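Novice: Working from the sequences, and respecting the hints, build out all of it.
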Amino acid sequence: MDFRFTPEEQAFRMEVRQFIKDEIPDILKGVEEIHSDHIELEMEVVRKIAAKGWLGAAYPKEYGGQGDNNAPMTEYILLDELHLGRAAGISLTCTYLVSIIGNTLLSIGSEDLKQRFIPRILNADIRFAINYSEPDSGNDIASIKTSAILEGDEYVVNGSKRFITCADTSDYLWSLVRTEKGSRRHKGLSIILIKTDSPGITTIPFEMMNGIETCDVIMEDVRVPKENLVGIEGHGWAHLMEALSRERFTMINFKGVSGPFDRFVQWVRTAEIDGERLADDPVTRQKLARQHLDMVGGKLMQLIAASRAMRKDYIPTVEAAASKSWRATLSWGKADMALDIMRNYGLMTEECPGAPIDGLWAAEYCWAGHELSGAGGLDLNRKIIAQQGLGLPRWSN
Amino acid sequence: MNLEFSEEQQMLMDSARGFLEKACPLDKIREWESLPEGYPSHMWPKIVEQGWTGIVYPEEYGGLDLPNIDATLLMREMGRVALSTPFLSTILLSGRAVLEGGSDEQKKDVLPAIVSGERLLSFAFSEANARPNAATVKTTARAEDGGYVLNGSKHFVEFAEQADQILIVARTSDCEDPEQGLTMFLVDANTPGIQYKTLRVMALQPQAKVILDNVRIEADSVVGEVDQAWSVLNPVIQAATAILCGYMTGIAERALDMAINYSKERVQYEQPIGAFQAIQNYLATAWTKTTMGEYMAYYAAWLIDNDMPSREAVATAKAFVGYASVEATQLATQLHGGMGATVDARTTPFLKWAKQLQHTLGNSTYHETVVAEEILDKDPLGLDVKYSVALT
Numbered sequence: 001m002d003f004r005f006t007p008e009e010q011a012f013r014m015e016v017r018q019f020i021k022d023e024i025p026d027i028l029k030g031v032e033e034i035h036s037d038h039i040e041l042e043m044e045v046v047r048k049i050a051a052k053g054w055l056g057a058a059y060p061k062e063y064g065g066q067g068d069n070n071a072p073m074t075e076y077i078l079l080d081e082l083h084l085g086r087a088a089g090i091s092l093t094c095t096y097l098v099s100i101i102g103n104t105l106l107s108i109g110s111e112d113l114k115q116r117f118i119p120r121i122l123n124a125d126i127r128f129a130i131n132y133s134e135p136d137s138g139n140d141i142a143s144i145k146t147s148a149i150l151e152g153d154e155y156v157v158n159g160s161k162r163f164i165t166c167a168d169t170s171d172y173l174w175s176l177v178r179t180e181k182g183s184r185r186h187k188g189l190s191i192i193l194i195k196t197d198s199p200g201i202t203t204i205p206f207e208m209m210n211g212i213e214t215c216d217v218i219m220e221d222v223r224v225p226k227e228n229l230v231g232i233e234g235h236g237w238a239h240l241m242e243a244l245s246r247e248r249f250t251m252i253n254f255k256g257v258s259g260p261f262d263r264f265v266q267w268v269r270t271a272e273i274d275g276e277r278l279a280d281d282p283v284t285r286q287k288l289a290r291q292h293l294d295m296v297g298g299k300l301m302q303l304i305a306a307s308r309a310m311r312k313d314y315i316p317t318v319e320a321a322a323s324k325s326w327r328a329t330l331s332w333g334k335a336d337m338a339l340d341i342m343r344n345y346g347l348m349t350e351e352c353p354g355a356p357i358d359g360l361w362a363a364e365y366c367w368a369g370h371e372l373s374g375a376g377g378l379d380l381n382r383k384i385i386a387q388q389g390l391g392l393p394r395w396s397n
Numbered sequence: 398m399n400l401e402f403s404e405e406q407q408m409l410m411d412s413a414r415g416f417l418e419k420a421c422p423l424d425k426i427r428e429w430e431s432l433p434e435g436y437p438s439h440m441w442p443k444i445v446e447q448g449w450t451g452i453v454y455p456e457e458y459g460g461l462d463l464p465n466i467d468a469t470l471l472m473r474e475m476g477r478v479a480l481s482t483p484f485l486s487t488i489l490l491s492g493r494a495v496l497e498g499g500s501d502e503q504k505k506d507v508l509p510a511i512v513s514g515e516r517l518l519s520f521a522f523s524e525a526n527a528r529p530n531a532a533t534v535k536t537t538a539r540a541e542d543g544g545y546v547l548n549g550s551k552h553f554v555e556f557a558e559q560a561d562q563i564l565i566v567a568r569t570s571d572c573e574d575p576e577q578g579l580t581m582f583l584v585d586a587n588t589p590g591i592q593y594k595t596l597r598v599m600a601l602q603p604q605a606k607v608i609l610d611n612v613r614i615e616a617d618s619v620v621g622e623v624d625q626a627w628s629v630l631n632p633v634i635q636a637a638t639a640i641l642c643g644y645m646t647g648i649a650e651r652a653l654d655m656a657i658n659y660s661k662e663r664v665q666y667e668q669p670i671g672a673f674q675a676i677q678n679y680l681a682t683a684w685t686k687t688t689m690g691e692y693m694a695y696y697a698a699w700l701i702d703n704d705m706p707s708r709e710a711v712a713t714a715k716a717f718v719g720y721a722s723v724e725a726t727q728l729a730t731q732l733h734g735g736m737g738a739t740v741d742a743r744t745t746p747f748l749k750w751a752k753q754l755q756h757t758l759g760n761s762t763y764h765e766t767v768v769a770e771e772i773l774d775k776d777p778l779g780l781d782v783k784y785s786v787a788l789t
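First to last, the protein sequences are chains A and B.
So the first sequence is numbered by the working numbering: it starts at 1 and just counts up by one.
So the second sequence is numbered by the working numbering: it starts at 398 and just counts up by one.
No wet-lab data here; the hints were simulated from the structure.
Just to be clear, a hint being listed does not mean it is correct.
From the structure, some residues in chain B lie toward chain A, with a derived Cβ separation under 7 angstroms [stated by the list, open to error]:
id: 1; residue: Ala-675
id: 2; residue: Gln-677
id: 3; residue: Leu-788
Everything numeric in this text was worked out from a predicted model, so none of it was measured.
Glycine residues also receive a C-beta, built at the ideal position from the N, C-alpha and C atoms.
Specialist: As structure tokens, then:
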């Protein structure tokens, strides 16, 4: 057991840290999610990351990767440092490209798809949106209705999707559809890649409480070449589970919670309200310490997942679900704690001159709701831990 | 960065688990609760036989010379069977204080004797404030006639009446800084003037209040340098606290195992109760906390083993594992329904132990005050850049 990075890993980490300092403009710092306002600027940075060869560390050389055996750790360090450098939005774009879609394509995609997409992914000259959930299908993703019926050499897609972040700024929709007419639940599902500028697609952006943007996607008789089927027709559920495991592990970095907390601790160290040092107040000290325990716990769970990802043929689904659900567990509580200590000053938003910590906690409070639902809700992730990790039975009617 | 166990560690855990599950089945653990001695004393020679009493001691004293993290893993296994032993007082506290502070002669006398199980030690440190800090010590040692005279009282001393020798921490000088002026003395437990008042505490563990009334002792009973005991004691207590977190993790894990297995078997409303989402939520959360606590213990022990600053990590682990193990054992009791609340419930020893241990070597609230000092009053440690530690 070694909680240290190896000298090579540490050198890579410091290189990434320096890169973030030099190459990521301030306007992208603190941007927690991908936002259409910054897409061009953001892709410029991602292309610089690609040019360093960091996106393709894990990928075979034949598709333009580096074929690095230590790749899960390289990928972990890259994403972790991006989060630490408050560039979560960029980390998320990298995750979409490399961890979720690239890796799943590599694992189950046809040779044609690999040749067409992976070099573009590793050069960051393509963008994807993940097109799963629907107005009536949230956590219960097996209930989706969007259909894709093969007619000749094309699928004809009909249906609507909701919470499809980046649908309006992406080249392709990585879509879960029902390819078998009349099929129910987990059966008859497939994953297909739909070009976003295909005729029949309407994207309607809307804003979340935390300021991020997401979309509704309406698809009416959208025609998709059958070569764009990912994996095997009708095996969509199994493919989805694989992609989701990767998503939970890489996308949900605990720094999104511990980073703001660490900034808060730094603030409390010197802050005064009405001439009294907050760091002298025993109640404040106790609350902060208690929250610190929970933060260390979350960071460790993430490290456990990262370490186990290095095992051969092991996706740390349960550990990632634990990290994710813990992050969600702390979501409002940590904001409640900070706002309580800051009193009314914490409610001043970033537009308010003189707001302490740039209005961080007013924003964090509004962000917290998203923590509970993104990448599977809190209860869904606990169910994964209970059923896959602890072997508890499923409910049967 | 690699958080996997080594092959040797896995072997240590497997063999310990195999041995302990056989030697300490759940119904025995429950029966031992009514032992007149207050703990299963017959287990100690068996533990000696396994070589575990030597885990942290150098080979020259008959030890295995393993790092603190291995001791943490071993204690986790003992926690899984809620085994009450003098391991903490004899091996991890007093014995280690002799190892770190004692003369060659003292080490040769004491260490082989405790490793071989011939001798038990108690650790008479904490007093009325029931905190594991230097300020707790008010007992005085007055120099007189070439020896010392001890006066004061020690609270909640584990195995005080069972031990052959007692390690007493007392004030030899009055200093403004409570960490100065402390001295350790190792004396026979039956030295005239030492009185014991038996305490009956919640978990299966003998404890006593030790009253020191003009206890005359020889100068050669001093362990380490006069007035300088804290520099030896502090790291010993830190390491013992980290290792104890392993024990607490074991308690929590076993209780959780029982709860999980019972939830799979117990049928109500025509379902195993473990199929209910409410139950799944409880167990998933308890597992998450227990696992995080487990690795906090490893992290703290690992920092100590690698000579890195560890005060924050030890306090974090002890506070968090305290909460997590109490919650896990409460949940295990709750999920066993009415049966969980009966006198004979197999979860009860674990429930009691978790609460007892949360208060051993400082409770969660105390350790939170230490955490607050570390994160608010001190400069950042720079573990990330300076030591390449992955926990940023």
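Novice: Give a verdict on every hint.
Specialist: Consistency of the hints with the structure:
1. A hinted interface residue such as Ala-675/B counts as satisfied when its beta carbon comes closer than 7 angstroms to some beta carbon of chain A; here the least separation is about 10 angstroms, so the hint is violated.
2. The beta carbon of Gln-677/B comes within 4 angstroms of a beta carbon in chain A, closer than 7 angstroms, and the hint placing it at the interface holds.
3. Evaluation of the Leu-788/B hint against chain A yields a held restraint, the C-beta minimum of about 6 angstroms falling below 7 angstroms.
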